[in-house]
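Number of protein chains: 2
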Amino acid sequence: MIGAMQTGPQHHHNQSKPSRPSPNPSSSGVPPRVPVTSAHMNKPLPAPAANQHRTHPLHPSPPPQNYGFGPPPSQPVRNRPQPSSRPPRSPNPPLAVPDDDPQQLFPLFRAANTSHTGSLTEMELGSALVNGDFTSFHPKTVKMMIRIFDRNSSKTISFDEFVSLWRYLAAWRELFDRFDVDRSGRISLQEFENALLAFGYRLSQPFVTVLFTTFESKGRQRNGPAHPAKMGMSFDLFVQACISLRRMTDVFKRYDDDRDGYITVSFEEFLTEILQLQD
Amino acid sequence: MIGAMQTGPQHHHNQSKPSRPSPNPSSSGVPPRVPVTSAHMNKPLPAPAANQHRTHPLHPSPPPQNYGFGPPPSQPVRNRPQPSSRPPRSPNPPLAVPDDDPQQLFPLFRAANTSHTGSLTEMELGSALVNGDFTSFHPKTVKMMIRIFDRNSSKTISFDEFVSLWRYLAAWRELFDRFDVDRSGRISLQEFENALLAFGYRLSQPFVTVLFTTFESKGRQRNGPAHPAKMGMSFDLFVQACISLRRMTDVFKRYDDDRDGYITVSFEEFLTEILQLQD
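As you go down the protein sequences, you meet chains A and B in turn.
As numbered in UniProt numbering, residues 1 to 279 make up the first sequence, in order.
As numbered in UniProt numbering, residues 1 to 279 make up the second sequence, in order.
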């Protein structure tokens, strides 16, 4: 139900104020797969700022500006540059999405909840989340959503959690559309670079290419030979890439007390962080 | 076809010298799922050394003995301990497994290759690899096998690559059986600790517990409520844990020139390594 290359209303038929859900939406066993577009929200998101390089609320924790650009400390004695100014404090996670009626999501939730347990398993959520071109979300994006929104550690998503998750993805969809300037429904390398700059990342061209290729290729791996891969990053992989980058950056900043863009970590610290970032 | 809690020959019926494969093994669409045991090999592996703490050939790259135990360098001036002795040079990857007849694997390979393309896709390999209790391999273990054995970067596994892969897993099975001292078919925390020690790792108790729990819980996540989770680490997750630890250690050692158990990495180095370790 997420994604949407289309900006028009033609894919919203399952969603437009269903004040009365269909009699047995879950009995068919096929949940509606409705891509989310910004148009689903009752009120539009605030217009993008003229200066796209401001920090977006979904990324309240940008890296310091010198990350990746400072001179390396020399070996073996660390001759570090003076600590640069600290990055801005992280604002509270805002997710300033409009105040739509959560009940309009209930038919979708109930249809996806084929187990009738009142909360979505990973598999149920995964079958419900689709991009604008109706490709499924990558399993890791689904896992990420559960990790972020499963507030009671049940490994499942209750309806309230689902409403939050859906709003979060709608906000991401708004961002995705903003950076998909050619309206291809995919994020190109250049569009990805612009997005990262807008999020406050100053990364080298080679690294941005590695990052882009890493996530774009996940889409190619997922689509078998029957589905010729489209160029560019799909919505769910754009979200996954940005959240992954954010998580990795947060870990790095936790160790980089002096904000010089270099950290010193022990063997077990290194192993532990990698293990946690892999989940 | 991998794993095997059983040490007897009762599960080898599809495998014992099939000089003439069944007429249409692949036409049924159901590949035989034969767990590998050490008994599948024509010759047994060399008996375990009396001193199990020797370096096992599957782990030719143990970390230095002080990893995780040295004093941390003080901040901000690095007051590092004297570099310890370098770890032993990595021997050539040996995989000293017996010289069985590869042709006995062909019926298995052909049955798994439902696409009849002559090489196994990730999905085909995943459907063919099973543990001793006939649970499937974790998808990430399957991906690891392809990464290791797909020598021509085809993303698939040819028959020759499959033979190598199977021998590799058989050697791992031998190791697994060696450390599964209570013959439970699972590796307990204590058995895992013993294995890591034997591989040359000196890790803190809390970290070993984190590592064990991380991989053991992957088995629980995979088995839904219909399959009550067994305690301990299955064969495929033991392999995955050990290979993951090995890869992370190799990355760490690449940066730890002075072998003091601490590395200093830049932001982009950190991000790049994590991305690569996640694939």
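The set of hints was computed from the structure by calculation and includes no laboratory data.
Even for Gly, the Cβ is constructed at its ideal location relative to N, Cα and C.
There may be inaccurate statements among the hints.
Across the chosen pairs, the derived CB separations fall in these ranges [stated by the list, open to error]:
1. A:PRO102 / B:ASN152: 24 to 34 Å
2. A:PRO102 / B:ASP279: 33 to 43 Å
3. B:SER115 / A:LYS230: 43 to 53 Å
4. B:SER154 / A:SER154: 57 to 67 Å
5. A:ARG151 / B:GLN103: 48 to 58 Å
6. B:ASP279 / A:SER153: 50 to 60 Å
7. B:ASP257 / A:PRO102: 26 to 36 Å
8. B:ASP279 / A:ARG151: 42 to 52 Å
9. B:SER154 / A:HIS116: 25 to 35 Å
Item to check | CB-CB spacing for ARG151 of chain A and ASP279 of chain B relative to the 42 to 52 Å hint | outcome: About 30 Å separates the Cβ atoms of ASP279 of chain B and ARG151 of chain A, which means 42 to 52 Å is violated.
Checklist entry - Is the gap between the beta carbons of ASP279 of chain B and SER153 of chain A within 50 to 60 Å? => result For SER153 of chain A against ASP279 of chain B, whose Cβ atoms are near 28 Å apart, the range 50 to 60 Å is violated.
Checklist entry - Does the Cβ-Cβ separation between PRO102 of chain A and ASN152 of chain B fall within 24 to 34 Å? => result Since the Cβ atoms of PRO102 of chain A and ASN152 of chain B sit about 52 Å apart, the hinted range of 24 to 34 Å is violated.
Checklist entry - Could one say that the CB atoms of ASP257 of chain B and PRO102 of chain A fall in the range 26 to 36 Å? => result violated (55 Å)
Checklist entry - Okay, ARG151 of chain A versus GLN103 of chain B on CB: inside 48 to 58 Å? => result For GLN103 of chain B against ARG151 of chain A, whose Cβ atoms are near 56 Å apart, the range 48 to 58 Å holds.
Next on the checklist: Quick check on a hinted range of 33 to 43 Å for PRO102 of chain A and ASP279 of chain B, using CB atoms only.
Outcome noted: holds (38 Å)
Checklist entry - Is it true that the C-beta distance of SER115 of chain B to LYS230 of chain A lies inside 43 to 53 Å, as the hint says? => result violated (23 Å)
Checklist entry - Could one say that the CB atoms of SER154 of chain B and HIS116 of chain A fall in the range 25 to 35 Å? => result This hint is violated: roughly 44 Å between Cβ atoms.
Item to check | Consistency of beta-carbon spacing, SER154 of chain A to SER154 of chain B, with hint 57 to 67 Å | outcome: With a Cβ separation near 41 Å, SER154 of chain B and SER154 of chain A fall outside 57 to 67 Å, so the hint is violated.
This entry does not satisfy hints 1, 3, 4, 6, 7, 8, 9, going by the numbered hints stated previously.
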